[in-house]
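Novice: Single-letter residue listing:
Protein chains: 2
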Amino acid sequence: MTGNIAIVGLGPGRETLVTPEVRDMLAQATDVIGYIPYVARVAPREGLTLHASDNRVEIDRATHALQLAKDGARVVVVSSGDPGVFAMASAVFEAMQAQPQFAGAEITVMPGITAMLAAAAAAGAPLGHDFCAINLSDNLKPWETVARRLRLAAEADFAMAFYNPRSKSRPHQFGEALDILRGACGPDRLVIFARNVSLPDQTLNTVTLGEATAEMADMRTVVLVGNSATRRVGKYVYTPRSAP
Amino acid sequence: MTGNIAIVGLGPGRETLVTPEVRDMLAQATDVIGYIPYVARVAPREGLTLHASDNRVEIDRATHALQLAKDGARVVVVSSGDPGVFAMASAVFEAMQAQPQFAGAEITVMPGITAMLAAAAAAGAPLGHDFCAINLSDNLKPWETVARRLRLAAEADFAMAFYNPRSKSRPHQFGEALDILRGACGPDRLVIFARNVSLPDQTLNTVTLGEATAEMADMRTVVLVGNSATRRVGKYVYTPRSAP
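Protein chains in written order, with my numbering: chain C, 1 to 244; chain S, 1001 to 1244.
Among the clues, some could well be false.
To be verified - In the BS3-like style, the derived pairs of lysine-lysine whose C-alpha atoms are separated by at most 25 Å in a straight line are:
1. C/Lys235 <-> S/Lys1235
2. S/Lys1168 <-> S/Lys1141
3. C/Lys70 <-> S/Lys1168
4. C/Lys168 <-> C/Lys141
To be verified - Only part of the chain C face toward chain S is listed, based on derived beta-carbon distances under 8 Å:
5. Val42
6. Ala43
7. Thr63
8. His64
9. Ser90
10. Pro111
11. Ile113
12. Leu117
13. Ala121
14. Asp130
15. Lys141
16. Pro142
17. Trp143
18. Thr145
19. Ala147
20. Tyr236
Just so you know, the hints here were simulated from the structure itself, not pulled from any lab data.
Bear in mind the structure is a predicted one, so any value in this text is a computation, not a measurement.
Note that CB positions come from ideal geometry on N, CA and C, so glycine has one too.
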């Protein structure tokens, strides 16, 4: 194998959040692979082939990247946010492990600004103490695993960030998640719905768990839940550095 | 108040990980405030005053930033990594809330690449499924809170990232943390010690919990612990996207 793969994070959307090293890696690529809206963020140029694919074909896409690299290409796999957070990096390593012909593939992962940290920055500092990140989709794990993890995270008094809280194919589970949290944390806990984070049409909606409804989230929303000490000051929401 | 404050993340150390918007904000600042080694990363120039202070004076530093902004300065508070993850953002909001003369301060938080995501990228994708971030320092919370949170995080089968695992003033607690994790997760769980992440002298040491010792970490180390499915493929460590 003479080629290589970089799996890079484009950040949540605003171009000023793309790191210089990711920008440089894209400038050197022969092939860029990813989900349609992420590949659309890469400017076409001579010598660069853009391979855009639909959602939910991560392993096919990863295998394609590994094959192109094996054939000598300089491949960049693009993810939104950070590629190691509910994104393409794990998929590429899964595909590599499942297919022995790709043993020895040369892979570099380049971090990016993940959605929860951009959302937290936009709101203030709600993840300023111990926190967890949970993918609420049950595409790849049973819902009962998600529900159990939510209960334990609440018991541990973590601040929380939820990726993929709700989609058209899963309209009801996020309501269940809110019910679990209300039961564990009470109605006064602060919740931030951050939609289209870092883009010109970004919206932030801060409510209490008592006020939160499932309809406040969609697939373009990241949801942050404070810990028991999270509070407001002026228009900002933050979690103090000290206990809990 | 005519000035303003930007609280920005410089990333873990490599200059190619500083986002363009943070770079631009530094170029417009009249005053940069932060812990000595982070301020040392900002180039001096005419019209810019650098205010470097020692560790553990976060509230004094935050108050200084608020006062300079109140007097009309364009202040940038610098943190390593992301300013909202165990860094200066929460301290500034705490100082603002405690001192009514700073109500109405105009504050912008700009995200950065946090150490755990740079470490994860360097190792592969060990945080590729649900995960948590815990500050192991007991400067600001009782050790029993940390210990309890570790047990619950293990029970939830989160991958984990530990900031501030060990310092000269707290040499023993990290050993206790490893004992708790061995009890909860068994000896085969993968642990990554990532030191000086993203810098030329970065080291990655991947061992099992059975092999891990407290001496493998110091104050320049971020520690990642896999979940029950985290595995190796070639020289990489990753966590699959699917259950657990």
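Novice: At a threshold of 8 Å, is the proposed contact between C/Lys141 and chain S supported by beta-carbon distances?
Specialist: Hint holds; C/Lys141 Cβ to chain S Cβ min 4 Å, cut 8 Å.
Novice: Given C/Ala121 as an interface hint, is the shortest Cβ-Cβ distance to chain S below 8 Å?
Specialist: At 4 Å from the nearest chain S Cβ, C/Ala121 passes the 8 Å test, so the hint holds.
Novice: Let's test the interface hint: is any C-beta of chain S closer than 8 Å to that of C/Val42?
Specialist: With Cβ-Cβ at 17 Å, over 8 Å, it is violated.
Novice: Need the status of pair C/Lys235, S/Lys1235: alpha-carbon distance at most 25 Å?
Specialist: Given that 25 Å is the threshold and the Cα spacing comes to 46 Å, the pair is violated.
Novice: May I ask you to test the interface hint for C/Thr145 with respect to chain S, counting a Cβ-Cβ separation under 8 Å as satisfied?
Specialist: With Cβ-Cβ at 6 Å, under 8 Å, it holds.
Novice: For the hint on C/His64, does the least C-beta distance to chain S fall short of 8 Å?
Specialist: violated, 17 Å
Novice: Quick check on the hint: C/Ser90 CB to chain S CB, less than 8 Å?
Specialist: holds, 3 Å
Novice: Would you settle whether the hint for C/Trp143 is holds or violated, based on the nearest Cβ-Cβ distance to chain S being less than 8 Å?
Specialist: Constraint on C/Trp143 not satisfied, violated at 11 Å.
Novice: Double-check C/Leu117 for me: the hint is only fine if its C-beta lies closer than 8 Å to a C-beta in chain S.
Specialist: holds, 5 Å
Novice: Given the hinted pair S/Lys1168 and S/Lys1141, is their Cα-Cα distance within 25 Å?
Specialist: Within the cut-off at roughly 18 Å; holds.
Novice: Just to be careful, I want the Cα atoms of C/Lys168 and C/Lys141 compared with a cutoff of 25 Å; is the pair within it?
Specialist: holds, 18 Å
Novice: Can the hint on C/Asp130 be confirmed by a CB-to-CB distance to chain S that is less than 8 Å?
Specialist: At 5 Å from the nearest chain S Cβ, C/Asp130 passes the 8 Å test, so the hint holds.
In summary, the structure is inconsistent with hints 1, 3, 5, 6, 7, 8, 17, 19 from the numbered list given earlier, while agreeing with the others.
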